[in-house]
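Chains A and B are the protein sequences, given in the same order.
Here our numbering is used: the first residue of the first sequence is 1, the next is one more, and so on.
Here our numbering is used: the first residue of the second sequence is 332, the next is one more, and so on.
Simulated from the structure, these hints should not be mistaken for laboratory data.
With a straight-line cut-off of 25 angstroms between C-alpha atoms, the simulated DSS-like cross-links for lysine-lysine are:
(1) K99(A) to K631(B)
(2) K309(A) to K334(B)
(3) K107(A) to K631(B)
(4) K388(B) to K107(A)
(5) K438(B) to K42(A)
(6) K438(B) to K3(A)
(7) K57(A) to K438(B)
2 protein chains.
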Amino acid sequence: MGKTIKDVARNAGVSISTVSRVFNNTAFVDEPTRQKVLLSAKELRYSPNQAARSLTKSETRTIGLILPGVFGEYFSEVLRGMDMVAANDDFDIIISSSKNVRAKFEKSIRAMAGRVDGLVVMSPLVIGPELRDLIPADIPVVLLNSPEQHPSFDTVNINNAEGAFVAVHHLIRLGHRRIAIIKGLENSYDARQRYEGYRTAMETHGLGTMMRVAAGAYTIPSGRTAAAELLASGERPTALFVSNDAMAVGAMEAIAEQGLSVPRDIAVVGFDDIPMSQYAKPPLTTIRVDLHLFGETAMKRIVAAVRDKQKHRTERMMVGFELIVRQSCGS
Amino acid sequence: MGKTIKDVARNAGVSISTVSRVFNNTAFVDEPTRQKVLLSAKELRYSPNQAARSLTKSETRTIGLILPGVFGEYFSEVLRGMDMVAANDDFDIIISSSKNVRAKFEKSIRAMAGRVDGLVVMSPLVIGPELRDLIPADIPVVLLNSPEQHPSFDTVNINNAEGAFVAVHHLIRLGHRRIAIIKGLENSYDARQRYEGYRTAMETHGLGTMMRVAAGAYTIPSGRTAAAELLASGERPTALFVSNDAMAVGAMEAIAEQGLSVPRDIAVVGFDDIPMSQYAKPPLTTIRVDLHLFGETAMKRIVAAVRDKQKHRTERMMVGFELIVRQSCGS
DNA sequence: TCTTATAATGAAAACGTTTTCATCGCCTAA
DNA sequence: TTAGGCGATGAAAACGTTTTCATTATAAGA
Numbered sequence: 001m002g003k004t005i006k007d008v009a010r011n012a013g014v015s016i017s018t019v020s021r022v023f024n025n026t027a028f029v030d031e032p033t034r035q036k037v038l039l040s041a042k043e044l045r046y047s048p049n050q051a052a053r054s055l056t057k058s059e060t061r062t063i064g065l066i067l068p069g070v071f072g073e074y075f076s077e078v079l080r081g082m083d084m085v086a087a088n089d090d091f092d093i094i095i096s097s098s099k100n101v102r103a104k105f106e107k108s109i110r111a112m113a114g115r116v117d118g119l120v121v122m123s124p125l126v127i128g129p130e131l132r133d134l135i136p137a138d139i140p141v142v143l144l145n146s147p148e149q150h151p152s153f154d155t156v157n158i159n160n161a162e163g164a165f166v167a168v169h170h171l172i173r174l175g176h177r178r179i180a181i182i183k184g185l186e187n188s189y190d191a192r193q194r195y196e197g198y199r200t201a202m203e204t205h206g207l208g209t210m211m212r213v214a215a216g217a218y219t220i221p222s223g224r225t226a227a228a229e230l231l232a233s234g235e236r237p238t239a240l241f242v243s244n245d246a247m248a249v250g251a252m253e254a255i256a257e258q259g260l261s262v263p264r265d266i267a268v269v270g271f272d273d274i275p276m277s278q279y280a281k282p283p284l285t286t287i288r289v290d291l292h293l294f295g296e297t298a299m300k301r302i303v304a305a306v307r308d309k310q311k312h313r314t315e316r317m318m319v320g321f322e323l324i325v326r327q328s329c330g331s
Numbered sequence: 332m333g334k335t336i337k338d339v340a341r342n343a344g345v346s347i348s349t350v351s352r353v354f355n356n357t358a359f360v361d362e363p364t365r366q367k368v369l370l371s372a373k374e375l376r377y378s379p380n381q382a383a384r385s386l387t388k389s390e391t392r393t394i395g396l397i398l399p400g401v402f403g404e405y406f407s408e409v410l411r412g413m414d415m416v417a418a419n420d421d422f423d424i425i426i427s428s429s430k431n432v433r434a435k436f437e438k439s440i441r442a443m444a445g446r447v448d449g450l451v452v453m454s455p456l457v458i459g460p461e462l463r464d465l466i467p468a469d470i471p472v473v474l475l476n477s478p479e480q481h482p483s484f485d486t487v488n489i490n491n492a493e494g495a496f497v498a499v500h501h502l503i504r505l506g507h508r509r510i511a512i513i514k515g516l517e518n519s520y521d522a523r524q525r526y527e528g529y530r531t532a533m534e535t536h537g538l539g540t541m542m543r544v545a546a547g548a549y550t551i552p553s554g555r556t557a558a559a560e561l562l563a564s565g566e567r568p569t570a571l572f573v574s575n576d577a578m579a580v581g582a583m584e585a586i587a588e589q590g591l592s593v594p595r596d597i598a599v600v601g602f603d604d605i606p607m608s609q610y611a612k613p614p615l616t617t618i619r620v621d622l623h624l625f626g627e628t629a630m631k632r633i634v635a636a637v638r639d640k641q642k643h644r645t646e647r648m649m650v651g652f653e654l655i656v657r658q659s660c661g662s
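Required output: the full structure, derived from the provided sequences and hints.
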């Protein structure tokens, strides 16, 4: 047990109300008394119990984050953006990683009740309306990377479909026809959107029959495997749209292992522009998503909602993208 | 205001004690009653207020993390290790990034009181004994990357000095004499240790007079600047020991910009083995620190301490390293 | 001098839980 | 039958704060 406000009060010879007032300077208290209290607190190494504090004030100055994971450059960047604005507005962050597991996701959400003023949820899974019942109704919530048509929460999204479209369009303009995709997992919303962008681009250019698809899990090794698979079977594509940079790096490895060259034999375009991409060999052409901005936007929104005591405002926000042309596409 | 246990109790026509018992299944309760309660809770979308819960149980199932930052591959890896074991043992994580700012550091620590069962602190600064007064005395604490001689806490450290020694020794064995170092910031404990390792290696081989030093801030650009500085003045070194990989990547860029080649003109060895390093051009020889294990070890220790209700046990742990020879050293 | 406002403080209620203690049936063993 | 045990429940205290309300003492205005 740590020292409590009572100990400090007794030690200073005042009431607990006075101690509280000193710590929150919420009312007049005589300078000598004030000093006594401060001294007493320092002596006892007292700091206020935040759990008790949240209970009475029903305010925690904490934002809950529910993410599918916390590692890798993707999350790292997003986190950085979030951390920046949270720190700036004096909020703490509590993180729970749901690992794409439904049960864990549910548990994480429950664990947040009463400990946070707002929630940012990046739902790994494409969750139906039952998600609504899980999410607490009494605090603001921002959803990341989840279907825009979600009826009751603020959302911040990446313009995945359009980004993918632009990436593929770029390859087509360079003269490619046989363009394959390495897509992400089926239950990930943004992976599906990137696939949609690819499909739309191919079809609007009458290349629907040229489509070739392999799937990975957004990791380097899975990209390598998927690319190997693509190279091994059927007619070799001349270009590859890979739905995230990590997989693209893996894919380029696989291509090199086959004795082929990027971009001469196969052009590659990725998605995300993680820091590693500009150091890849060859440097990776990709769609840059400003992940830092993404996190920043989400956190700003939730902090504002908390401050204004708004509940769900169902605002739709979208962060943009930019085609970064490097050498892997051969242009 | 969310729904409370009282609402559920009233709704179900039972006392709050019964509801509590159902949720914690901590005592017998009739099956029909149980169902009534569960139903009532679901109807009201109730989940227990964790703040109140921690207050009575004085247990939070949460570990506090105080880190200098949360971004970049370094922290990402460490976090991953921590997250893994925390999730496994059913602990949540609350993160506060202190940004190397003393005041923020202090505030972060205060903000943890009563909200966490244990604390993992990676002190960015070399903090003297006054650190002791800041850190709460009533919960277990693990210190990361801080002086081993610290008298009152568990510590988990990276064997920085020896790692640096091995790196430099490797260069010496390859025949290099004029070996410069790009070191980190002065107030970082591990940066200082890495420098010590460099110095020891040089001196024990009678190369004390060959030492050349530049300093960076553990970022890519700062590594580039430091290297440029080293190349511009005096007799050019034939090898570079760079105290972290991010700076090494920057340094290799600077070298390439001068029209020089790694490793032909200048050999480079880094430290950390971040994922990017194997994709650098040329692939970077470096000291691999198993950051994942580092985080894992720290979290395991703190979780165990919490479970066993131990306070500070002043256990010293060290995670090892491994020399990863790639092409940048030319061997 | 007598209100009356105000600065300074304390007592006590409230926040939403868990948990101890008490109560009340009911069943079983004697 | 009755004593004892136990299953099922409720009442109330406790956790460490903040905050409302009440109480003093003091200063200012009449």
